[in-house]
Amino acid sequence: MRIGLFKNLKQVPRKLDLKRRWYRFSRSPLSIVGLVIAVGSVLLALLAPYVAPYPKHAGLFTNFKEDFQSPSLKYPFGTDDLGRDVLSRTIFGFRYSLMMVAVVLSLVIPPGVVLGLIAGYYRGTWVDTVVMRVSDIFIAVPPLVLALAIASVLIPSTFNAMMAVSLMWWPWYTRLTYSTASSLRNEYFVQAAEVMGASSVHIVFREILPNCLGPILTKVTLDVGWVILLGSALSFVGLGAQPPTPDLGTMVAGGGVYMPDFWWISIFPALAICIIILGFNLLGDGVRDIFVEAR
Amino acid sequence: MKLSSYIARRIVYVIFTLIGLSILVFVIARVLPGDPARMAAGPRAPEWVVEQLRIQLRLDKPLYEQYFYWLGDVIRGDLGYSIISRRSLTIDVLEYLPTSLELILLAAIFEVVGAFTLGVVAGRYSYKWPDNLVRVFSYVGISIPAFVWAIILMLLFAWMLPLFPPQGMLSYGVNAPPRITGMTTLDSLITGRFDAFFNVLWHMVLPALALCIGGMMQDARIIRAGMVENQDKDYITMASSQGLPERLIMFKYLLKPSVIPAITVMGMDIAALLANAFLVERVYNWPGFSKFGITAMLNKDLNAIVALVLVIGVIYAIMNIAVDAMVAYLDPRIRFMERGE
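Order-wise, the sequence lines are chains A and B. First residue of the first sequence? That's 0 in numbering that gives the first Met the number 0, and the numbers climb one at a time after it. First residue of the second sequence? That's 0 in numbering that gives the first Met the number 0, and the numbers climb one at a time after it.
Since the hints were made in silico from the structure, they are not lab data. Ideal Cβ placement from N, Cα and C applies to all residues, glycine included. Don't take each hint at face value.
[What the hints assert, rightly or not] Partner residues are not named here, just some residues of chain A that face chain B (Cβ under 7 Å, in silico):
(1) Asp135
(2) Ala139
(3) Val140
(4) Pro141
(5) Ala232
(6) Val236
(7) Cys273
(8) Ile276
(9) Leu277
(10) Asn280
[Claimed, not checked] Covered, in the sense of this in silico footprint (three residues per stretch, anywhere, with C-beta under 8 Å from a C-beta of chain B), are these stretches of chain A:
(11) 144-151
(12) 219-231
(13) 248-261
[Said to hold, decoys possible] So the derived label-pair ranges between C-beta atoms look like this:
(14) B:Val139 <-> A:Ser105: 24 to 32 Å
(15) A:Val194 <-> B:Phe15: 33 to 41 Å
(16) B:Pro129 <-> A:Lys64: 49 to 57 Å
Based on the provided sequences and hints, a complete structural model is requested.
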């Protein structure tokens, strides 16, 4: 009887059932829209030099003959105060925004998740207390304020803005992983592994971590929008990317001076920010639908 | 556990977190390269002046000693000396903070009223067109950063349709009321200057809207979700089968339990207005805390940056405790819950 029970357990598919998950994801048209926007903006970022009509305009370039041109066939988004094509600069802006996301998330996720796993596994001990109370400190002020403060003591640059955002972002992953890991701590399969004498490294990374991946992946997709928002806010204030870098936030701030007559200089990059964030938010909701069983 | 002891525990806990925060910011501000004394004195000042300033600012002492001196000052209500404005930061904070707080307060009012209205309408007509409209708006609302809202609203309602002033706090020709609380709206009411009051309010509408739209849409979604979830509960079926008026069911039986999860998120969103105000105030040239903060940040006024983060941390903490207390009051389950995440 018992043996039969275990046999049945073995037949439960352990792999990611891709077909079923894709079905669940594709049921919502909004998720598909999100996926299309997300893939589109990644492609646009990768192919920027080939897609942009005037790739030279992304850097140090001036053409005062054609400054402040309103949107036309030649310059679909108009030109800015230095005569640079706003469309080309916006396309290159996707590059900087997504690069920021890639760097920040790859810097933040490994330490954040590992700390959360450790704190969750040693739940109730001093390790738990130290890790979680330290992460509380980083959450004691709104993320933007701390990122601004950290960025302000550094020399303003794209790289330092990434560092500032990374430094205050890890606690969110720690808390997320902690909450999942600490509830998994008492599950039978973890206890079984313990009884069989598995090492704590094995339990944390092979037993607990795979079960935390769903929420983490969901958070990653939703965070893309947040990191872009935070990064563009930093450069909007002047503490992030510096001109002539075609960063979307910097462009919005730079064009603000010429409102309302030359509105296209800041409105188009601003809309670009919104579209990326919208795309990844929709995608994130779709990813959550995959992992959350019932809604 | 009683409500008061619950709150007391939260306060003790928050004080420790704030001390941790102050250590973190203090260390970041001091450890990173750059000589604050040299920056304060200017690049052409002779070495002995810089040296003297270093001693005066206690920069010659080891880091932990500097921290304890600083902490002692803060407890006595002295946030330190601003290298840029050349006066006590306590004065600076008291001058700029109220102007920001009144803007945030109006944004919070907009946010709560808007979120409830939209959430209740969407919940009442769930899966019909008002619900779908709110859903679309909520996706758009959340995806547009506050500073982009600020620019869009300014373009639409200050330039294309000149209903509101684009910038500033008072129109030309309107004298500021005498400074009593620092909040211009309150000052003008106290002194009976209703022209100034309405003028300031008129200037506040756009920035406050830009600040709150994102959070408002998110909160509306949560209220809507709560209402839809509770609609299927047995007690609602019973109430409606007993023939209770719909209005009563909606507001008394359906809205009340749906509000609790929304309040937590709403509190966090309102506290986050403090951060977004930094960007929105810049767009609308609002003479608030962010003007002071951003000047300090761009000029690397380290004392001011530390003070700024700490002040925002304290306000944030107070708001969080207030929200927690409110939720605990409304939902006794929380009060009796064992501690744990």
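Results for each hint:
1. Asp135: holds, 5 Å
2. Ala139: holds, 5 Å
3. Val140: holds, 5 Å
4. Pro141: Interface hint status for Pro141 (chain A): holds (4 Å vs cutoff 7 Å).
5. Ala232: This interface hint holds because 6 Å falls under the 7 Å limit.
6. Val236: With a minimum Cβ separation of about 6 Å from chain B (threshold 7 Å), the hint on Val236 (chain A) holds.
7. Cys273: holds, 5 Å
8. Ile276: holds, 4 Å
9. Leu277: This interface hint holds because 4 Å falls under the 7 Å limit.
10. Asn280: holds, 6 Å
11. 144-151: holds (count 7)
12. 219-231: holds (count 3)
13. 248-261: Since 4 is at least three, the answer is holds.
14. B:Val139 <-> A:Ser105: 24 to 32 Å: holds, 29 Å
15. A:Val194 <-> B:Phe15: 33 to 41 Å: holds, 38 Å
16. B:Pro129 <-> A:Lys64: 49 to 57 Å: holds, 52 Å
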